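*Asks:* Chain residues, written in single-letter form:
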Amino acid sequence: MRTGFSIRTKLLMVALLLLLIPWMSYEYVREMKTYLLSGQEQALSLTSRAVATVLHDRPELFSEDTPVDPNNLSEDEIYAAPLPNYINLNGDLSDWGEQVNQAITFTKPENGEADLSNLIEVKYALGYRGNYIYTMFQVTDDSVLFRPREFLRVDMGDHIRLTLQDPGQAPKRYTMVAHEPGRMSIYLMDDAWQYPVTGEPNYDLAAEVDVTDTGYNVELRIPRFVLSSDTRVRMAVADVDNPESRELAALVPTTPQSETDELSKLLVQSPRITKILKGLDRDETRIWVFNTDKRVRTVVGNLITEASDGELDKPSNETGVAYLWEMLRYYYNSALQTIFAYIIEQPSGDFADHERSIEERNDEIIQKALNGAVSSDRRPSLDNQSTILMSAHPIYLADGILGAVVVEQSTNQVLLQQKDTLENVISVTLLVLITVATALLVFASRLTLRIRRLRNATETAIDRDGRIISPRLDAEAKSGDEIGDLSRSVSNMLGRLSQYTNYLRGLPDTLAHEVSNPLNVVNSSLHNLSEEIPGSADSKYMERAKNGLNRIGSILRNLTEAANLEQAMQSETREVVDLIELIESYVDGYSFSNPDQKFKVIIHSRPILVEIAPDYIAQALDKLVDNAIDFAAADTAIVFKVRRLDNFAQIDIINQGSQLPEGMAERIFEPLVSLGRKDAQKISLGMGLYIVKLIASFHGGDVIARNLLSSDGVIFSLSLPLHDPYTATV
Amino acid sequence: MARKVAIVEDDFDQRENYRDALQKSGYDVDTYANRPDALAGMRNNMPDLAILDIMLENEMDGGFDLCRDLRALSPTLPIIFLTARDTDIDRVSGLRLDAWDYLTKPLNMQFLSVRINSLFRIVDSLAKDTGDADEADTLLIDDLEINEDSMSIRWKGQELSLTLTEFWLIESMARHPGHVKTYENMMQITRQSYVERNTINGYIRRIRNKFKEIDPDFKRIQTVFGVGYKWNTDN
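Sequences listed follow chains H and D, in order. Quick note on numbering: the first sequence equals residues 2 to 731 in the working numbering. Quick note on numbering: the second sequence equals residues 1253 to 1487 in the working numbering.
One chain only, chain H, in its complex shape:
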């Protein structure tokens, strides 16, 4: 058999082409993403222009001195007013100017009890200048207690608490405390406000305390970079009065306390602009308004940068089929997610120039807008989770420029959609692929099976010697498709072939039959002739004519012998015989009738039981011995070698003499193939060895011929299956 890919493999390879579908979808989704992003950019650009249009020619909105109207603030917002002077951090509140008067007074301790013995009042103000935000606390306290040096805890004296929280992150707690008037130490605190997380003080923030007649003043400076636009803030003044127990006597929050305990939003911008833009406050979009100094005038809206991944839960309830199904789905989905992780690009991956930082990008786009250009850009979000689209538009005042509007939007929505689409496409494709591949596999297996069955049937329809065993194939004969057609045409072919074979096989018989009658005429005529003419019976011509007749008769017997034998063997019953005994008795008998011929019998083991029709085996031996004697060199013995091999017995008949011609060893058992003869009078139709072959096949055995390797001579091996007493014989 030639080896090659099976139909199954080929079909599966073709099925692999289905993998082009997810690839195509991937390409398509990428294109889609580009398209969607550019659409989003355009929309952003329009938004920025719209916002800018609203703000055109309204310089008053950009004025630094616009007073704050606290009533306009919502509950959870605190506002940092612009400060007129530079603030010196020294506890001296004189440089706060007007703000001191506008400071808000808090008296109510957090626990709400009006403890008269411990009166505490905090005047508090918030403002900004440049890149810093400043806070002042003017605390009225009857007993000012500083932090004792011997204690590690930082809440053992009067101190200020500051909480900063960026959306989605844990709050950062800072405590400002001092051993003596002057610079305060600022620590990042644990949840309980008792111990610093690290011993290292924070140097970004700065605060100064100064003792007054009624209590103390604190000035705090927060650099803007610490705060993002969404940072929430809470501040409180902690009062400790008892120098012995150093327990917290009162905690006065200086920022609004919402009911939800949320922190306040710190507004460092123009409330009026904010008011105008309030309607645009949305979760996905953030609008910045800058003045010409690139100071933020207002920010509205939020950016949601977190892509919410549907976390998969491994199912735990173990209840039969449903559980199995859940497990299957779980593994299927997690496998898909692993694939997606490779396929879907990371959001921050497509920036052409990674070198530029976020600040630079921001700065550049603002600068462009302030120069009068409309521009767009992209930057990664702070947490690198997604891409932020930015669009900037200048705000005009007459011919000049008043400021700039920057609109930011996360591409998360688009990415999320893209991911969803891709996920759907891929999972559907994968399902289709698996289904189609399985179907193809099943189909191909079935096809292969059927073809294999047909092949086996075809191969067994004719035996090794080319004889037709069954002229009809049963395999696939009833199928309506091409394989069925093939089976039927093979059957058809076999049928015609077997007709022809039967004709050929019957030919010698018919021929012999037809020749018999004229032969009988000649025979009887000769007989009558010799009766009629006295003396003619003794004529040498009569003798030769009879010889000739005998030879013709012999030829006829030869021709019909094989056909008759096949017929006769069908009705023959077999018996279990010791092959050794048979051979010995055969050789004895043969020597008896041919005393001149020498035999040698080599026996390896005895007995060797075989189930045979002994007459026919003897007949086969006759033919083989006749053949061996014909070709044996003069005065050499014919050697019989009988032995048992695995599950069959083998009789080797060896004669010294000439070798078989090339290619003859296989053909010699075919009918009418003869090696020639020594004696011109002797009939050699080449049927003898064919009969041996017939007898061997009838017994389920075989016969082969080959040349001796060691010397000149030929060995014929007749093998017969051993009798197995445990198998029921037919």
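Calculated pairs, DSS-like style, for lysine-lysine (alpha carbon to alpha carbon, straight line, at most 30 Å):
(1) D:Lys1482 - D:Lys1471
(2) H:Lys624 - D:Lys1462
(3) D:Lys1482 - H:Lys624
(4) H:Lys547 - H:Lys624
(5) D:Lys1256 - D:Lys1276
(6) D:Lys1482 - D:Lys1408
(7) D:Lys1482 - H:Lys601
(8) H:Lys624 - D:Lys1471
(9) D:Lys1276 - H:Lys541
(10) D:Lys1482 - H:Lys599
(11) D:Lys1482 - H:Lys642
(12) D:Lys1380 - D:Lys1276
(13) H:Lys642 - H:Lys601
(14) D:Lys1276 - H:Lys547
(15) D:Lys1482 - D:Lys1464
Think of the hints as simulated: they come from the structure by calculation, not from any bench. The structure presented is a predicted model; accordingly, all values stated were derived computationally and were not measured.
Chain H is already provided as a structure; the job is to place chain D on it using the hints.
*Replies:* Only chain D this time, still in chain H's reference frame:
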């Protein structure tokens, strides 16, 4: 009065040769070329013995049909098939129709006379003694009784239905128990012109089967491989 032999043979040359040879041996001979003629002729003129070919003109099994019809006319008429058809099936069919022998062409004319002679001896013997079978002509070898006159053989008291050739073969073996009859001997005994070992094997096989119908354990005829057969006196 000369015995009358009828020959049914569609081949003119053979038919006339048989007639000449048999007339020379002293028989009256009627010849027929086909089945209807033969049946009509013999119905009026019943012969003492009939020699039938199987293929008659266009009738493939004309001889068999004729044999059946003749049997209906005369249950005891000796019938010999003489044919070119040499298959086991034909032999069995012929003998099943109660033919006395089945010979294949080409046949030695001398042997044909011998056979016809022997058959008439059987006929005579059957006609003569109906009651006393155990006579001097009976040869007894263990359980085997051979009646030379009627050419019949009994095994353990039961009669075997044998053809002439089969009788001769058993008789020749049993006459010298333990001695091997070679194929060459046996070929002579069958009294046909061309006989192969295979044909002898076929005869012996059929003989054994006939014994086994009576006695399933029959094992007296032993094959001497490569040589021939012998009759064993004991198992």
